[in-house]
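Here's the letter readout for the chains.
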Amino acid sequence: MEHLFEYVLRIGDDSLILGQRLAEWCGHGPILEEDIAMTNISLDLIGQATTLLDYAAKIEGKGKNADQLAFLRFDKDYRNLLLVEQPNGDFGMTMMRQFFFDAFRKPFFEALQHSKDEQLSAIAEKSLKETRYHLKHSSEWVIRLGDGTEESHQRIQESLDALYRYTDELFYSDEVQKAMESAGIAPKMDDVRSEWNKTVDYVLNEATLKIPDNQWKFEGGRRGMHSEHLGYILADMQYMQRAYPGLEW
Amino acid sequence: MVNESVIWNYLTEVADPEIPVLTILDLGIVRKVSIEGDHVQVTITPTYSGCPAMKLIEDEIIAKLREYKIDNVDVDLVLSPAWSTDWISEEGRDKLREYGIAPPEDEVDKSVLFSEPTVVPCPKCQSRNTRMISLFGSTACKAQYQCNECLEPFDYFKCLK
Ligand SMILES: [Zn+2]
Chain A
1 MEHLFEYVLR
11 IGDDSLILGQ
21 RLAEWCGHGP
31 ILEEDIAMTN
41 ISLDLIGQAT
51 TLLDYAAKIE
61 GKGKNADQLA
71 FLRFDKDYRN
81 LLLVEQPNGD
91 FGMTMMRQFF
101 FDAFRKPFFE
111 ALQHSKDEQL
121 SAIAEKSLKE
131 TRYHLKHSSE
141 WVIRLGDGTE
151 ESHQRIQESL
161 DALYRYTDEL
171 FYSDEVQKAM
181 ESAGIAPKMD
191 DVRSEWNKTV
201 DYVLNEATLK
211 IPDNQWKFEG
221 GRRGMHSEHL
231 GYILADMQYM
241 QRAYPGLEW
Chain B
1 MVNESVIWNY
11 LTEVADPEIP
21 VLTILDLGIV
31 RKVSIEGDHV
41 QVTITPTYSG
51 CPAMKLIEDE
61 IIAKLREYKI
71 DNVDVDLVLS
81 PAWSTDWISE
91 EGRDKLREYG
101 IAPPEDEVDK
111 SVLFSEPTVV
121 PCPKCQSRNT
131 RMISLFGSTA
141 CKAQYQCNEC
151 LEPFDYFKCL
161 K
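Protein chains in written order, with our numbering: chain A, 1 to 249; chain B, 1 to 161.
By construction, these hints were calculated from the structure, which means they are not laboratory data.
Keep in mind that the hints are not guaranteed to be accurate.
Unchecked claim - Here are the simulated lysine-lysine pairs, DSSO-like style, with alpha carbons at most 27 Å apart: (1) A:K136 x B:K161; (2) A:K64 x B:K55; (3) B:K55 x B:K124.
What you are looking at is a predicted structure, and each value in this text was computed from that prediction instead of being measured.
Isolated chain A, as found in the complex (with noise of 0.2 Å):
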């Protein structure tokens, strides 16, 4: 039991650190549609959030509801990807971010909805469709500028470069991965990790973006060692429940 709530929570995590990420952009987008687009994808990573954190919850079993799970944890208590937490910074980095998620999230939850575990298989079910819409989306925007002007190209290589060392993390495995694995509810990282390789590869390729070699791989986020960017998330994420706790609209 402890080794799923902590399963379920490193799912819930992600989806619920990177639609606050993306919900940073509301009033910012480059453009109208893009600026919708992109909080429209938050909403369905909320939404998974709060499907995920309240099962989480009731497997803890202490009485705890989503939204104490989602905004009343201190940093180390997060199980995110560090990949989610990083900064959105141009338009271009925010959709390099998102395909490199969006292109595990979509065999993830493919592989997911075969899960023993009834409640995730459901969750993945749902999610799954959502999930293609994202991915088209990103990859679109990737091969878009990749394959754009010079600068437009020059600059997401950029955020290739910087994001890229974070892609490792997505195929963490450790004792809890392994647990679950066993138990026929978590699908197989490897299995995962190759279907992500062909879409990295295939879009990649149509934008005319490399992979940068040799670069160090960055993991901690599965055991609560984030980056110092999770903290400023926090504290504007959870000011109104710690001001006001027990708030609700």
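Place chain B with the ligand on chain A using the hints.
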């Protein structure tokens, strides 16, 4: 005597908060009605994970049934089987078109990453000469299109399967 078909009938009076020309039955989000003693259980499913209207729909179902003096009502949410635009009724599709929103078209296999954007006829002039402006629109379930003939910008209720 309250039976299930009476409840289904009452539910035809609950409109979707975001597209008020559609009832929640037109949308296909009511999955089940069951009655045990005087307790009524209504099961609904969200269109999108983050659909902000779900809570409101739940409240409206309870309020509507209360109008008919049915007070012991619970609404629960199921995720599986996941909602599909195939569940929008024929009547619902006509209402959407009349309202100026293009109903979902059958789309090619979604597992393909890049497919040509779907041809969506203009709800005003029926021309098939339209273009997609953005995959995302005013609510989670819509995309933005424009008609190249009459120039009308319109919402497309995008296919979700
Ligand atoms: Zn037209």
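Verification of the supplied hints:
1. Distance hint between K136 (chain A) and K161 (chain B) is fulfilled; the C-alpha atoms sit about 15 Å from each other, no more than 27 Å.
2. For the hint linking K64 (chain A) to K55 (chain B), the alpha-carbon distance of about 20 Å falls within 27 Å, and the restraint holds.
3. For the suggested pair K55 (chain B) and K124 (chain B), the alpha carbons sit about 32 Å apart, so the restraint of at most 27 Å is broken.
Hint compliance for this structure: hint 3 is the single one not met.
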